[in-house]
Amino acid sequence: MTDFTDNVKRRMKISSGWNMVFTISTVIGIIMLILLLLNIINGAFGYVVIENTIEPTELVSSGNLDELQKEDLIGILEANLSKGLIRRFENEKALADRSKTEIMSLVFERIIEPRVIESWTLSESILGKKAIFTHCKEEYPRGHIQFRSWLNGNFLTKQQSSTPEFAGIRTAIIGSFMIIIITVLFAFPVGVSAAIYLEEYATDNRFTRFIQVNIYNLSGVPSIIYGLLGLTVFVRWMGPLTSGIIFGLNDPSTSNGRTILSAGLTLGLLILPIIIINAQEAIRAVPQSLRQAGYGVGATKWQIIWSHVLPNSMDRILTGTILAVSRAIGETAPIVVIGASTFLSVDPSNIFSKFTTLPIQIYQWTARPQPEFRHVAAAAILVLLAMLLTMNGFAIFTRNRLNRKRSAN
Amino acid sequence: MAEIDMNWYKPRPKYHEKFIQWFLLFCAAVSIFITLGIILILGKESLLFFKEVSIVEFLTSTKWQPMIEEFGVWPLLNSTLTTSFIAMAVAAPLGLFVAIYLSEYATDKVRGTLKPILEILAGIPTVVYGYFALTFMTPLLRLIFGADTVDIYNTASAGLVMGILILPLVTSITEDALKAVPYSLREASFGLGATKLETSLSVVVPAAFSGIAAAFILGLSRAVGETMIVALAAGAGPNFTFNPFEAAETLTGYIVRISGGDISYNTVDYNSIFALGLLLFLITLTLNIISRRLVRKYQEVYD
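Quick note, the sequences are listed as chains A and B, same order. The opening position of the first sequence corresponds to residue 1 in UniProt numbering, with each subsequent residue numbered one higher. The opening position of the second sequence corresponds to residue 1 in UniProt numbering, with each subsequent residue numbered one higher.
Please keep in mind that the hints were generated in silico from the structure rather than gathered at the bench. We treat Cβ as the ideally placed atom computed from N, Cα and C, and that holds for glycine. Take the hints with a grain of salt, since some may be wrong.
Claimed, not checked - Chain A stretches covered by chain B per the calculated footprint, using a threshold of three residues with CB under 8 Å from any CB of chain B: (1) 70-78; (2) 171-185.
What the hints assert, rightly or not - So the derived list for chain A, only partly shown, Cβ under 7 Å to chain B, looks like this: (3) Met20; (4) Phe22; (5) Thr163; (6) Phe166; (7) Pro222; (8) Ile225; (9) Pro359.
Turn these sequences into a full structure, and let the hints steer you where they fit.
In structure tokens form, the structure reads like this:
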């Protein structure tokens, strides 16, 4: 009898020990998510040392440029820049026609030329504030130290730049946005149609099963393979179409089919299987009685689908589509293979333009050796994650509410 | 009695309905065109590649140096396998434990908060994980093992972060498999006096074995095809090494690096990325097919 009780104690001990292991594993998963987010926030803010090529005090005795008139600022520009450069600016837009803020930013970027010489992450800034300040005094007597949020208004609205402190993501955001519109316009109708066919029309035969298995397999193909597919089909074979030549839109800035249209269609192919699978589940969830009621009053098959099945499953189909689209927004590898531009400072004007996207910018900034670009990358990641979390959060929230509503009925 | 017009129910041929049906069928067939397209394109360009390079050399040589016409796939394949196995070493046990916790131990409330967290992890773009690997995991490894032993770019860091990436996938499929085990099995086990742990480990897990295996294989397939983490953190330049702290380029990393530069069509370099793509496609397809077979097996048993 004693053996038995001892045994139970031992077993309970092992049991609670493993219980700890399971809990700890789960906690590790959560810690990883937190670390990931903290690491990004850590990179996006922190102290920087800035050195100006010419101090504002050398231009104006008070050092405050805001007091000056526009004409004085133009005078400063002409006095400090080469004639050729001034002529180039005049060609873009006459200096006299520019607003004071535009002139001011020219003076700022071209004459004062503030450069970040050294930068620190948020954790370094908080923990080693004193050390950073003494280090700066010794190393950079001309440097100004300031706390910089790499994610700021200029960052969101400015174009790409080769200097990290002036780099912005406007071109990338516009590119991402245009690509996603193409992707949805292609993948949503085709995907939902395919799902309707498979759920409502297809009989259970070899062909249908083959399509079904094929869709599942496609959803597991690595995204980079879709990149190779898009490169060959949309960029090489359909180059004249995707670069707009046959529409007479041969913009000299387009480079042989590596356009927004190609990228959008490639991502469309990539998320098509996901949209089909989600839409199928949505259509399957529509109760059979609804269809039978439709037949009962003499509706045709398509009438039932159009006026009963689709309206009743549309919320779920849209939720699934949002999740698929948020996957497409974050995709990098296929777009690199398609040939996103590595450096683009002109906003895309139409779907036949060269492009860059937010993930591409993050990739390129992260891959650069200068630490300042890591900060820029972190700021861009924050923007990307904010976009995705809003979309995903909305989709997951809607889905959970729908599930509750359905189970309550 | 008034004459009733009985013509209204006469069935009229509905051509537009037929047209719609054909259009829908066409859309469903698009997925087949995609598969055919992938096979055709990878096959065609690979054939051009294998005209220049012998397939035996491709599959056996341990040197990948396109500059001197050496095309042996092993350096690339080896680092792909290294990162994938490191990833699985993280994701398999962690994913299994988290899934057991979620399915057997967690209350509904805890599960309700944890599952969305996992979904958020799954929704983060891989390029963000690449940033994480390069700016967090690599410095951490260099801190632990010393900067002399760990290169700035290394497969260990890429593999570990990839493990975090595939954790949600492995967890959710494993949890589905555990959930599919009927409750009567657990009740029988409790009735015999087994503890919760004994029930979980010796009844539920073996019963869900094929589903768990499917989850692991799918995770492995995802790891093999993963690109951005290795492109950022594993290093550029093929390197045949078994040391996970050395830089080594993977299959996907190589494809991205070569196609990212301006590459001219119909060169051996250009064709080589398609041959590598074909190899990648075949590996992941095989893994996916095995995984689906296994899933169907557990579905058949308990549904």
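We went through each hint and held it up to the structure:
Beta-carbon proximity to chain B at under 8 Å applies to 0 residues in the region 70-78 of chain A; the threshold of 3 is not reached and the given coverage is violated. Judged by the Cβ-Cβ criterion of 8 Å, the region 171-185 of chain A is not covered by chain B as claimed, because only 0 of its residues qualify and three are needed. Proximity of Met20/A to chain B is violated relative to the hint, the smallest CB-CB distance being about 10 Å (cut-off 7 Å). Interface restraint check for Phe22/A: the shortest CB-CB distance to chain B comes to about 4 Å, inside 7 Å, so the restraint holds.
About 21 Å separates the beta-carbon of Thr163/A from the nearest beta-carbon of chain B, more than 7 Å, and the hint is not met. Interface restraint check: Phe166/A against chain B, minimum CB-CB distance 21 Å, threshold 7 Å, status violated. Annotation: interface hint on Pro222/A holds; nearest CB of chain B at approximately 3 Å, less than 7 Å. A distance limit of 7 Å between C-beta atoms decides the matter here; for Ile225/A the minimum to chain B is near 5 Å, and the interface restraint holds.
Hint on Pro359/A holds. Least Cβ distance to chain B is approximately 5 Å, under the 7 Å limit.
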